[in-house]
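**Q** Sequence:
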Amino acid sequence: MSDKIQQQLDDAIRAVPGWSPESVEVKPLVGGLMNSNWLAIHQGKTHFMKVYGIGSEAFVNRDQSIAASRQAHELGISPEVLHYDPKSGLEVVEFLTEHRASTNADFARKDFLEAAMDLYSKFHGGSPLATTKDIFEMTDEHFEQGNELGAMRPTDFPWLKKQYQKAKDAFFASGLDLVPCHSDPMPGNFMVKLENDQITDMQLIDFEFASNNERAYEIAVFLAEVFVDEKTSLELIERYYGEVRPEIVARIWVARAVADMKWGSWAVQQRQLSDWDFDYQKYGIWKYARARMLFDDPRWDDWLRTI
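Residue 5 is where the sequence shown starts when you use this note's numbering, and the numbers rise one by one after that.
Keep in mind that the hints were calculated from the coordinates and are not lab data. Any given hint might turn out to be false.
No farther apart than 30 Å at their CA atoms in a straight line, the calculated lysine-lysine pairs in the DSSO-like style are these [unchecked claim]:
| no. | residue 1 | residue 2 |
| --- | --- | --- |
| 1 | 114 | 91 |
| 2 | 197 | 170 |
| 3 | 197 | 172 |
| 4 | 91 | 170 |
| 5 | 166 | 49 |
| 6 | 165 | 286 |
| 7 | 197 | 235 |
| 8 | 286 | 170 |
| 9 | 137 | 286 |
| 10 | 172 | 91 |
| 11 | 286 | 235 |
| 12 | 286 | 166 |
| 13 | 165 | 137 |
| 14 | 126 | 286 |
| 15 | 235 | 31 |
| 16 | 126 | 165 |
| 17 | 172 | 126 |
| 18 | 91 | 137 |
| 19 | 137 | 126 |
| 20 | 31 | 91 |
| 21 | 235 | 166 |
| 22 | 31 | 114 |
| 23 | 31 | 172 |
| 24 | 114 | 235 |
| 25 | 235 | 172 |
With beta-carbon atoms standing in for the labels, derived distance ranges [to be verified]:
| no. | residue 1 | residue 2 | range |
| --- | --- | --- | --- |
| 26 | 309 | 32 | 48 to 56 Å |
| 27 | 242 | 170 | 21 to 29 Å |
| 28 | 22 | 282 | 13 to 21 Å |
| 29 | 293 | 234 | 13 to 21 Å |
Idealized CB from N, CA, C, for every residue including glycine.
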């Protein structure tokens, strides 16, 4: 651990009432791309502790994130936030002792996929959040940030951006369907409790990108993240929406391409800010490649017209 991270960790621990670096045992957790995550054991009780990554405030509205997390907890689908200190860059959350993080392999199972759809349905049905930031605003912001940081993009980025603009125009022409969205479907954000290999509970964590957002984007970015094929995608669309209509399917597939543009643009600029042991550039270029694949799909223009 670098001296800088150690100092930030110690300062964060001191910000929690009754805690000190000497009274808290910390153990690192893997999986965070922007923050450092820890198990913090104080007086025999284990907590989940997140220490915000340096510069992460450029991408995350922390107050909004905490508000969304607390709303999800009230709906019974997320653990309780126990302490939040934006000044020191820290949050402490209830640790789900009987749950584990889901994996990509888990989402090869239909019951995991269906449980995730049901979580989204509950969260989307909640009260509107204080902040609306749709997927297009997020993506445009990443474009601008990447320009300022000198992010390295594919040589055909102008063409990719042109296709993205077509998607944006199509969505705004039809009207955005705004609901409270989580907007970050990494498998590890779905905490699952199993008994005899059957799901008894699933909880959603990490609301850093939460806002009122396009409903179809939430479903689309999840399907993309867990590599769901078209047949299974249609089954999950029907579970969530209650029906499968051409305009719904079109919104999902176009939103999948937009999602890859968003996360690709986030990643290539994150490379300019972070010295973490993660290849953001490779991750971003891969995301752009997935967007390109959908832009090249012979159904692309039909999807745009159908939205």
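**Q** So, for every hint listed, does it hold in this structure?
**A** Against the structure, the hints:
1. Between residue 114 and residue 91 the alpha-carbon distance is near 42 Å, which puts this suggested pair outside the 30 Å criterion.
2. Taking the CA atoms of residue 197 and residue 170, the gap is about 42 Å. The hint is violated against a cut of 30 Å.
3. About 38 Å separates the Cα atoms of residue 197 and residue 172, which puts this hinted pair outside 30 Å; it is violated.
4. Only pairs whose Cα atoms come within 30 Å are accepted, and residue 91 paired with residue 170 is rejected, the gap being roughly 40 Å.
5. Of the pairs offered as hints, the one joining residue 166 and residue 49 is violated, with about 52 Å between alpha carbons and a cut-off of 30 Å exceeded.
6. Under the criterion of a C-alpha separation no larger than 30 Å, the hint pairing residue 165 with residue 286 is consistent with the structure, at around 19 Å.
7. With a CA separation close to 27 Å, the supplied pair residue 197 and residue 235 stays within the 30 Å bound.
8. For the suggested pair residue 286 and residue 170, the alpha carbons sit about 26 Å apart, so the restraint of at most 30 Å is met.
9. The suggested pairing of residue 137 with residue 286 holds, with an alpha-carbon distance near 27 Å, which does not exceed 30 Å.
10. Proposed proximity of residue 172 and residue 91 is contradicted: the alpha carbons are some 36 Å apart, above 30 Å.
11. The hinted pair formed by residue 286 and residue 235 meets the criterion: a straight-line CA distance of about 29 Å does not exceed 30 Å.
12. Of the supplied pair hints, the one linking residue 286 and residue 166 holds, its CA atoms being roughly 22 Å apart against a limit of 30 Å.
13. At roughly 20 Å between alpha-carbon atoms, residue 165 and residue 137 fall within 30 Å of each other, so this suggested pair holds.
14. For the hint linking residue 126 to residue 286, the alpha-carbon distance of about 34 Å lies beyond 30 Å, and the restraint is violated.
15. Annotation: proposed proximity of residue 235 to residue 31 is violated, straight-line Cα distance about 41 Å (limit 30 Å).
16. Between residue 126 and residue 165 the CA atoms are separated by roughly 33 Å; this puts the pair beyond 30 Å, and the hint is violated.
17. Taken as a hint, the residue 172 and residue 126 pair is honoured in the structure, with Cα atoms around 27 Å apart against an allowance of 30 Å.
18. Taking the CA atoms of residue 91 and residue 137, the gap is near 23 Å; set against the 30 Å cutoff, the hint holds.
19. Restraint check: the Cα-Cα separation between residue 137 and residue 126 comes to about 20 Å, which is no more than 30 Å; the hinted pair holds.
20. Proximity of residue 31 to residue 91 is assessed by CA-CA distance (about 23 Å); at most 30 Å being required, the pair is judged to hold.
21. The suggested pairing of residue 235 with residue 166 holds, with an alpha-carbon distance near 29 Å, which does not exceed 30 Å.
22. Distance check on the hinted pair: residue 31 and residue 114 sit about 33 Å apart at the alpha-carbon level, beyond 30 Å; violated.
23. Restraint check for residue 31 and residue 172: the C-alpha separation of about 43 Å exceeds 30 Å, so the hint is violated.
24. Between residue 114 and residue 235, the direct Cα distance comes to roughly 12 Å. Compliance with the 30 Å bound is thereby established for this hinted pair.
25. Restraint check for residue 235 and residue 172: satisfied, since their Cα atoms lie roughly 26 Å apart, inside the 30 Å limit.
26. Range check, residue 309 to residue 32: Cβ separation about 49 Å, and the 48 to 56 Å hint holds.
27. For residue 242 and residue 170, the Cβ-Cβ distance of about 27 Å falls inside the hinted range of 21 to 29 Å, so the restraint holds.
28. The beta-carbon spacing between residue 22 and residue 282, approximately 34 Å, falls outside the hinted interval of 13 to 21 Å.
29. Between residue 293 and residue 234, the C-beta spacing of about 19 Å keeps the proposed range 13 to 21 Å intact.
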